[in-house]
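Number of protein chains: 2
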Amino acid sequence: MDKQIRMEEYAGYQYIEGGVCAAQGFTANGLNCGLNPDKAKNDLGMVYSERLCTAAAVYTTNKVKGAPVLVTKRHLGMSGGRAKAVIVNSKNANTCNADGVEIAEKISELAAQALEIRPEEVIIASTGVIGQPMSPEPFAAHMQELAAGLSREGHTAAAAAIMTTDTVRKEVAVEFQIAGRKCRLGGMAKGSGMIHPNMATTLNFITTDAAVSTEMLQTALSDIVEITYNCLSIDGDTSTNDMVSIMANGAAGNPEITMDGTEYQSFRQALYIVMAAMTKMLAADGEGATRLLECSCVGCPDRQTAVSIAKSVVQSSLVKCLLFGCDANWGRIMCAIGYTDVDFDIDKVDVDVASAAGTIEVCKGNAVILPFSEEKAAEVLAEDEIHININLHQGEEQAKAWGCDLTYDYVKINGDYRS
Amino acid sequence: MDKQIRMEEYAGYQYIEGGVCAAQGFTANGLNCGLNPDKAKNDLGMVYSERLCTAAAVYTTNKVKGAPVLVTKRHLGMSGGRAKAVIVNSKNANTCNADGVEIAEKISELAAQALEIRPEEVIIASTGVIGQPMSPEPFAAHMQELAAGLSREGHTAAAAAIMTTDTVRKEVAVEFQIAGRKCRLGGMAKGSGMIHPNMATTLNFITTDAAVSTEMLQTALSDIVEITYNCLSIDGDTSTNDMVSIMANGAAGNPEITMDGTEYQSFRQALYIVMAAMTKMLAADGEGATRLLECSCVGCPDRQTAVSIAKSVVQSSLVKCLLFGCDANWGRIMCAIGYTDVDFDIDKVDVDVASAAGTIEVCKGNAVILPFSEEKAAEVLAEDEIHININLHQGEEQAKAWGCDLTYDYVKINGDYRS
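Chains as they are written, first to last, in the numbering used here: chain A, 1 to 419; chain B, 1 to 419.
So that you can see chain A by itself, here it is in the shape it has in the complex:
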């Protein structure tokens, strides 16, 4: 599958290059510090803003939390929701280690020293294998070099540093206006396996030059996570280390957004566009995936019902196998809709399956599967991006969820992950 997703258009928002450095005043870098034995692959990344940023984050809901998650929470608490830098490594999650928190603090201090900032202004994150001892040595040995190499072009090196089983870098940025000021918001993400709703679901860093208060940053981030990353499922597993963070340095010069209103809504929309695009990229690059699945659920009494049903479909192993096998076994879709644990009348539901090759009506009420052409179904399912569209006809709310097919390669990748 072509891992490049189709980017949706939104009036007033232009996609731009630059990832986490698209916003004014942010620099980044990435390098190999030796955690990854393949020296051609970056394993340590940094993002930096000389201007102090407001900052917010959403963390994994797993009870087993990676040490970096605990340390970032503490830092943002100590700094009152302010930050200047992100330090992040791959290949070792620094989770379930006896001295994990000490090590994460040590790495934060190393980054702070190199940048001449305070340790509590550092957001720290790690991804990789759980329960492997981690030494601060490789970090100490490379931190100066990492900081010295910070640049506006460094976003690709940083995005490469957070890749694990990802096959492509994930970066998105948009340019937009707030109160007549040109603003930018961009980010980078890693995903692939262990991605599941009901939590922050991925390692993800967002930067913006819009001025937004810590409170409104947190409000927007928590809200958008619900309808983007939390609507993504690769394999139903919820990681110990997942985190989404956002830093806003105000370099765009707009009056700081401190409450809901037109300006907040413009900012929130930018965040939605970037996070929805990255969510779709994560689904398309799911471990072993050959097909992207987008499930849209409309006509719902409330957003939670829409989210739950859409997620139930993209999470179904049998639907995922259906996609992989291009098998028009529609009963599996009906089945996954039916076991969603929310209240609705199944007899009013319409379902269709669509792709660039056309649309098949699966069901129009009464939970009865309609006759269809096997030939056309095969054509529709042969495309890279499949849409399952559900209309409950029971309200006005809607949501989307994203996933991918379940393939031999998923099993292969995860049968032997540590090697």
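Mixed in with the good hints there might be a few duds.
To be verified - Result set (DSS-like, lysine-lysine): computed pairs, CA atoms no more than 30 Å apart in a straight line:
{"no.": "1", "chain 1": "B", "residue 1": "39", "chain 2": "A", "residue 2": "348"}
{"no.": "2", "chain 1": "B", "residue 1": "364", "chain 2": "A", "residue 2": "73"}
{"no.": "3", "chain 1": "B", "residue 1": "106", "chain 2": "B", "residue 2": "73"}
{"no.": "4", "chain 1": "A", "residue 1": "376", "chain 2": "A", "residue 2": "364"}
{"no.": "5", "chain 1": "B", "residue 1": "376", "chain 2": "B", "residue 2": "364"}
{"no.": "6", "chain 1": "B", "residue 1": "364", "chain 2": "A", "residue 2": "106"}
{"no.": "7", "chain 1": "B", "residue 1": "39", "chain 2": "B", "residue 2": "106"}
{"no.": "8", "chain 1": "A", "residue 1": "364", "chain 2": "B", "residue 2": "73"}
{"no.": "9", "chain 1": "B", "residue 1": "106", "chain 2": "A", "residue 2": "364"}
{"no.": "10", "chain 1": "A", "residue 1": "364", "chain 2": "A", "residue 2": "348"}
{"no.": "11", "chain 1": "B", "residue 1": "73", "chain 2": "A", "residue 2": "348"}
{"no.": "12", "chain 1": "A", "residue 1": "73", "chain 2": "B", "residue 2": "39"}
To be clear, the hints were calculated from the coordinates, so they are not data collected in a lab.
Following the hints, complete the assembly by docking chain B onto the known chain A.
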């Protein structure tokens, strides 16, 4: 993998042959009526008791319910919890069909006519592909032959008739005493794919010659389903047609059990033994499975906590891949324990992984993974039956859950199920 599970021993209960005909007064039969184009494979089964039975059932929680589920509910309601026969087919679920209920009623009538009983004394079930038109013709053509061939030996033919992607027949029966009377309880099951907690999870028929009131049958069945079938996960999908039913004809001559007490507990234990063994058989024969996983969670504040944690582990795709790949990536087990949506202190938890080849201590408190020998881990994980043992040290309650590894063959079987 050898699909034969190790049967646990229980004092006072002997395993016996006979499946659904182990109990006195039950006969059964199975044949090919043409739903399965492979004439060597049975697709229609019947179980019968001349004595009127008390009867109870647990049904799928899926909102999309197979027509036979709706019809059985109606029948048991009309008969006041009494039944004399089961009629069941494979290859077609009779679900999401416009005339499904009429057809299921028609098949019940055909069975009732052949047996000279009332239609509401018939428990009906179907399993197979969803949304395929079903004709009563093949049933009409073979019902007399099916009824005429009923015998005490017919349990194997009936058990064969309910197999779909199952590779082995599943039958278990025990002999035990109630109030000095020899009683028997046995059953047959089908499973393989689409098996998931939070519902009845499989097609399953149980018979006993103990005398038990409808109310106490329902109480026992609902209770035991919670800690057996509902603790089984193959792929996380919850079927539209799943049902567990029990019929008690009283032929053993014990005074009818109408309340809790010693006699009820003896009966409940027999039901537990048979249903737990069948649950384990279903896990061992999961689609594509090469390894059986039993997760035991003890030291819990309540049964629900124990059930939730044990299920979380057996459902984890990453743990399932770990088993397939024999990869000692213990972090995945910690991760799955951690994302269970119940309240407990993760820092008190002990975890070990055991098999016939030995035991590995994974964690003893503080959510820290202990050092271990890769060599020994490889030996332990190479066995057919793997046990993950969790102790919360936070109470006295416990539960088990069962699952299997995720393999290439699961993906293969489900990428092309309909053919």
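Against the structure, the hints:
Between residue 39(B) and residue 348(A) the CA atoms are separated by roughly 39 Å; this puts the pair beyond 30 Å, and the hint is violated. With a CA separation close to 26 Å, the supplied pair residue 364(B) and residue 73(A) stays within the 30 Å bound. A hinted pair counts as satisfied when its Cα atoms are at most 30 Å apart, and residue 106(B) with residue 73(B) qualifies at roughly 15 Å. Using a Cα cut-off of 30 Å, the hinted pair residue 376(A) and residue 364(A) holds, with the two alpha carbons roughly 18 Å apart.
With a C-alpha separation of about 18 Å, the suggested pair residue 376(B) and residue 364(B) falls inside the 30 Å cut-off, and the hint holds. As the CA atoms of residue 364(B) and residue 106(A) are separated by approximately 26 Å, the hinted pair is consistent with the 30 Å bound. A threshold of 30 Å between alpha carbons decides the hint, and for residue 39(B) with residue 106(B) the separation of about 24 Å falls inside it, so the pair holds. The hinted pair formed by residue 364(A) and residue 73(B) meets the criterion: a straight-line CA distance of about 26 Å does not exceed 30 Å.
In summary, the hint linking residue 106(B) to residue 364(A) is supported, as the alpha carbons are separated by about 26 Å, within the 30 Å threshold. For the given pair, residue 364(A) sits about 8 Å from residue 348(A) by alpha-carbon distance, which is consistent with the 30 Å threshold. Between residue 73(B) and residue 348(A), the direct Cα distance comes to roughly 23 Å. Compliance with the 30 Å bound is thereby established for this hinted pair. For the given pair, residue 73(A) sits about 64 Å from residue 39(B) by alpha-carbon distance, which is inconsistent with the 30 Å threshold.
When the structure is compared with the earlier hints, violations turn up for hints 1 and 12 and for no others.
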